[in-house]
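Engineer: Chains as they are written, first to last, in the numbering used here: chain A, 1 to 312; chain B, 1001 to 1332; chain C, 2001 to 2333.
Don't take each hint at face value.
For lysine to aspartate or glutamate, the following EDC-like pairs were computed, each having C-alpha atoms within a straight-line distance of at most 20 Å [said to hold, decoys possible]:
1. C:K2256 to B:D1200
2. C:K2264 to B:E1121
3. B:K1136 to B:E1121
4. C:K2108 to C:E2180
5. C:K2256 to B:E1306
6. C:K2264 to B:D1215
7. A:K52 to A:D82
8. C:K2264 to B:D1173
9. C:K2264 to B:E1306
10. B:K1128 to B:D1173
11. C:K2256 to C:E2296
12. C:K2264 to B:D1200
13. A:K52 to A:D32
14. C:K2108 to C:D2149
15. A:K122 to C:E2154
Because the hints were derived from the structure by calculation, they are not lab data.
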Amino acid sequence: MARFVAIRLARALLTIGMVVTFAFVVLRASGDPARAMLSPETPAAAVEAFRKAWGLDAPVGVQYARYVLAIVQGDLGQSMRDGRAAITVVAERIPVTLMLTGPALALNLLLGIPAGIYAALKHGRLADRLVMAIAVAGFTVPSFVLGLVLVLAFAVELPWFPSGGAGTLRQLVLPVVTLGLGGAAVLARFTRSAMLEVLGQSYIRTASAKGVPWRGVVTGHALPNAAIPVLTIVGFMVGNLIAGTVLVESVFSWPGVGSLLVVSVVSRDLAVVQCILLVVAAAMIVTNVSVDLLYGVLDPRLRDASYPIGGA
Amino acid sequence: MMAAPLLRAEGLVRRYRLRQGVFRHPVTVKAVDSLSLSVARGETLGIVGESGCGKSTTGRLLAGLEPPDSGTISFGGEPLPAAGHARWRRLRTRIQMVFQDPLGALDRRLTIGEQIAEPLEIHRLGSKSERADRVKTLLVDVGLRPDHGARYPHELSGGQRQRAVLARALATDPDLIVCDEPVSALDVSIQAQVINLLADLKEQRRMAMIFISHDLRVVRQISDRIAVMYLGVIVEEGDPNLVLRDPLHPYSQALISAVPTPGAGRRRDRTVLQGDPPNPAARPRGCAFHPRCPAALPVCAQLAPELTSAGEGRRVACHLVEAAGEGRKETV
Amino acid sequence: MTDACKEPIIEIADLHVAFDNVPALHGVDLSLRRGESVGMVGESGCGKSVTWLAALGLLPQRAQISGSVRLAGEELLHEPASRLDKVRGGRIAMIFQDPASALNPVQKVGDQIIEVLRLHRGMERHAARAEARRLFDQVGIPDPARRLDAYPHEFSGGQNQRIMIAMALAGRPEILIADEPTTALDVTIQAQILDLLQQIQREMGMALVLISHDLGIIGELCERVLVLYAGRVVEEAPVDRLFAQPHHPYTQGLLKALPSLETKPHRLVAIPGVVPSATDLPMGCAFAPRCAQRVERCGEWASELASIPNEGRHKAACLHVASELAPAEVVAA
Chain A
1 MARFVAIRLA RALLTIGMVV TFAFVVLRAS GDPARAMLSP ETPAAAVEAF
51 RKAWGLDAPV GVQYARYVLA IVQGDLGQSM RDGRAAITVV AERIPVTLML
101 TGPALALNLL LGIPAGIYAA LKHGRLADRL VMAIAVAGFT VPSFVLGLVL
151 VLAFAVELPW FPSGGAGTLR QLVLPVVTLG LGGAAVLARF TRSAMLEVLG
201 QSYIRTASAK GVPWRGVVTG HALPNAAIPV LTIVGFMVGN LIAGTVLVES
251 VFSWPGVGSL LVVSVVSRDL AVVQCILLVV AAAMIVTNVS VDLLYGVLDP
301 RLRDASYPIG GA
Chain B
1001 MMAAPLLRAE GLVRRYRLRQ GVFRHPVTVK AVDSLSLSVA RGETLGIVGE
1051 SGCGKSTTGR LLAGLEPPDS GTISFGGEPL PAAGHARWRR LRTRIQMVFQ
1101 DPLGALDRRL TIGEQIAEPL EIHRLGSKSE RADRVKTLLV DVGLRPDHGA
1151 RYPHELSGGQ RQRAVLARAL ATDPDLIVCD EPVSALDVSI QAQVINLLAD
1201 LKEQRRMAMI FISHDLRVVR QISDRIAVMY LGVIVEEGDP NLVLRDPLHP
1251 YSQALISAVP TPGAGRRRDR TVLQGDPPNP AARPRGCAFH PRCPAALPVC
1301 AQLAPELTSA GEGRRVACHL VEAAGEGRKE TV
Chain C
2001 MTDACKEPII EIADLHVAFD NVPALHGVDL SLRRGESVGM VGESGCGKSV
2051 TWLAALGLLP QRAQISGSVR LAGEELLHEP ASRLDKVRGG RIAMIFQDPA
2101 SALNPVQKVG DQIIEVLRLH RGMERHAARA EARRLFDQVG IPDPARRLDA
2151 YPHEFSGGQN QRIMIAMALA GRPEILIADE PTTALDVTIQ AQILDLLQQI
2201 QREMGMALVL ISHDLGIIGE LCERVLVLYA GRVVEEAPVD RLFAQPHHPY
2251 TQGLLKALPS LETKPHRLVA IPGVVPSATD LPMGCAFAPR CAQRVERCGE
2301 WASELASIPN EGRHKAACLH VASELAPAEV VAA
């Protein structure tokens, strides 16, 4: 167990290190923050002063060392735009984003998994083909296209929902649907194939031969086994959701971490961008560890240290 | 034993490292443990044993497909070269291996004829037309028709596929062919066809064979000599009629009495071994068989018995047999 | 043998099964008396397992089934699932090949047995657990109280088959169908399982159907044997008679193709050719193309089981038997 934790911890640190470096390199390579932040008419002396104030005049190596050192000490820097601590700027946006991703994840799971199970149980019939056709359509349409179509349909043509902004429940509907539908489609397809695989297993026949009613065979024997591969995909979904947030928040002008990221990148607000990337990396790491631990809960074979995995 | 055996193995050891569970603790498993044997030219050695006894690993070691961790193998008087070596590739023409699943051993995208010609092409044997003739001869030799050469693996039945695999193995006229459960996946009526074919082929070609199977009845049908394996070691070895009629090792006795025989009626006199099949990852001290042995002595838990001559060309690894005084106490 | 033992507990009549209009079973008749042990032997695809999966409604829905399956006089075929669920695992239990995959890998083995006890014997959890412990004991799983909480991967193949047997016994079945119960097991473990099956069959007085490709196993455990070929029963006889005097050329061929430890080593007599595929069955007797005793009429004769003269319990589906054209004796190879 200690070995397991140590390995996971080392891997998490490595990931964070890579994210930090990546953010630094990409943002430094793509332009001068002083030029991006300040207006073109700013006098050269003022630009110099800005550079000096933010440590941008030092050699790149020194900047990187200072930056890493600061992070290790827990200092994520200040936003160049409003001078507040970057962490504060990001932290106030996190709940706003969670208000979007939380319901979207729920939509993923609550729509995708039951649809997949339903299709598997109706395998080969019209219902199965219909659900799968919708699913294929669902994940081939990119979320920004879906978002725009939804806005046109339900905000412009039929003014049922507002086309943007945050605060009311009605404003939540379109972005959540946009963000959640694609993932639900992927999950539906995956759940279906996992279920079909499990339903073909010998232990399902055993359960029927024991006289377990079909409903019980599905809930008691098929679902717990199909949950194991589905969990893997749910892990990926979280990653997709985070990526999708950036786009969807921009389309619906949702004031979350995603739109903050876009603004900060455009204005080269290094500290904030780096802080966001760190938060995202941390979220991914937490997700992966949770998925690994959940595997152990779902699959007793993985709990058991003496069970060979793909032995000789 | 004859002056110069075709194949001689001394003290073979093969270990595997398995990684297990979420926390992935590596465990070392000894699949083969200081095993020695030899095969003469034209001789068929049958290796029998239950799952996990190391018989398949032994087969792969002897065919040179994987290296032993220690011990030596010599083939035709020379040590077996390491994989990847030019000499190792040449050796592929002289030792061939046949596995249980013929469909897995064949490439579904190539015709049977192309696959039989492949070893000839790789080793640049004969001209193009000579190769085509050779493929036809081989197909007929294994009981297929020349026109089967134009078919794809999925167009043949299981028995025909195994014949095709044999034809490919025979293409280079090997001196030794190692068969690992070659008929286990086949139905009884087809199994008999393939066994007969193997018996004919070794007769006609004077080729040595190592025949590995869990089925004593099949092994006996084809072998000149048999070796019974248990947890990585040979426990008894000798003439099939001797070993199967009058087994000396308690494990051979149990194994043979467990074989169901049609027409023998409801036999109640057999020795049913208690306990589970052995786990190579938790090998008992002393004689590996002692926890399940109905006649174990205290010494069996302490000391592993050596494979010792028991007369009439038979070797047995058992303290009881040695104690009975019949063993001439000379290690072969 | 009492009268109750003689009455058939299950009668299968003219059972036909087809998958996507390709017939797999061409009219199987079979009757089983209480407490009797019957073997069904044949090569892969001969229909020996399909017969019972069809009888118990365990085939996929696309299977087309006709005929009749009567359990103690009551029809089972095409009955609603709710009624079949009472029979399956209750009056008729089934165990399968490869016990490791036949048990649910993520459920404790104890819970898998308790499920049967609650379904078929209406036991509440505490009593069911005690009964599961007793069953584990009966099938020879050491330390039952603790092992009930283990998962299938923590047992060996032989132990898993014991657990399958315990699970089958939990519903107190009148019939146990064992479908290749030892095929995935090692020889010494196979011997243990066969002993156990024989012992519990005697103790519980249930009927046993042993499905196997291995005539040796059938010979050790069964009183009566049915030989199947290409979806038909081709011979049916008391086990000793079948081995002593097989009448159908296929049975004769199977026995000669089997290597044995008992007889002197001799060249096996293989049956030439291959089992015909279900989509391409020959007309008349399906075995005729491989048969050494084939006559012209075999190709048009409607294969039917007929009693051997003066041997009411021995039947064979061979033209030679039906028409007494020739004494169905062993033919020299």
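Engineer: Look at each hint and say if it fits the structure.
Structural biologist: Hints and how they fare:
A threshold of 20 Å between alpha carbons decides the hint, and for C:K2256 with B:D1200 the separation of about 18 Å falls inside it, so the pair holds. Distance hint between C:K2264 and B:E1121 is unfulfilled; the C-alpha atoms sit about 43 Å from each other, more than 20 Å. The hinted pair formed by B:K1136 and B:E1121 meets the criterion: a straight-line CA distance of about 15 Å does not exceed 20 Å. Pair hint C:K2108 plus C:E2180 does not hold up; C-alpha atoms about 24 Å apart against a cutoff of 20 Å.
Taken as a hint, the C:K2256 and B:E1306 pair is broken in the structure, with Cα atoms around 40 Å apart against an allowance of 20 Å. A distance of roughly 17 Å separates the Cα atoms of C:K2264 and B:D1215; the hinted pair therefore holds under the 20 Å criterion. Taken as a hint, the A:K52 and A:D82 pair is honoured in the structure, with Cα atoms around 17 Å apart against an allowance of 20 Å. Straight-line distance between C-alpha atoms of C:K2264 and B:D1173 comes to about 31 Å, which puts the hinted pair past the 20 Å bound.
Restraint check: the Cα-Cα separation between C:K2264 and B:E1306 comes to about 31 Å, which exceeds 20 Å; the hinted pair is violated. Note on B:K1128 and B:D1173: the hinted pairing holds, with a Cα-Cα distance of about 18 Å set against a maximum of 20 Å. Taken as a hint, the C:K2256 and C:E2296 pair is broken in the structure, with Cα atoms around 25 Å apart against an allowance of 20 Å. Our distance criterion of 20 Å between C-alpha atoms is met by C:K2264 and B:D1200, whose separation comes to about 18 Å.
With a C-alpha separation of about 13 Å, the suggested pair A:K52 and A:D32 falls inside the 20 Å cut-off, and the hint holds. Between C:K2108 and C:D2149 the CA atoms are separated by roughly 5 Å; this keeps the pair inside 20 Å, and the hint holds. Between A:K122 and C:E2154 the CA atoms are separated by roughly 34 Å; this puts the pair beyond 20 Å, and the hint is violated.
Checked against the numbered hints above, the structure violates hints 2, 4, 5, 8, 9, 11, 15; every other hint is satisfied.
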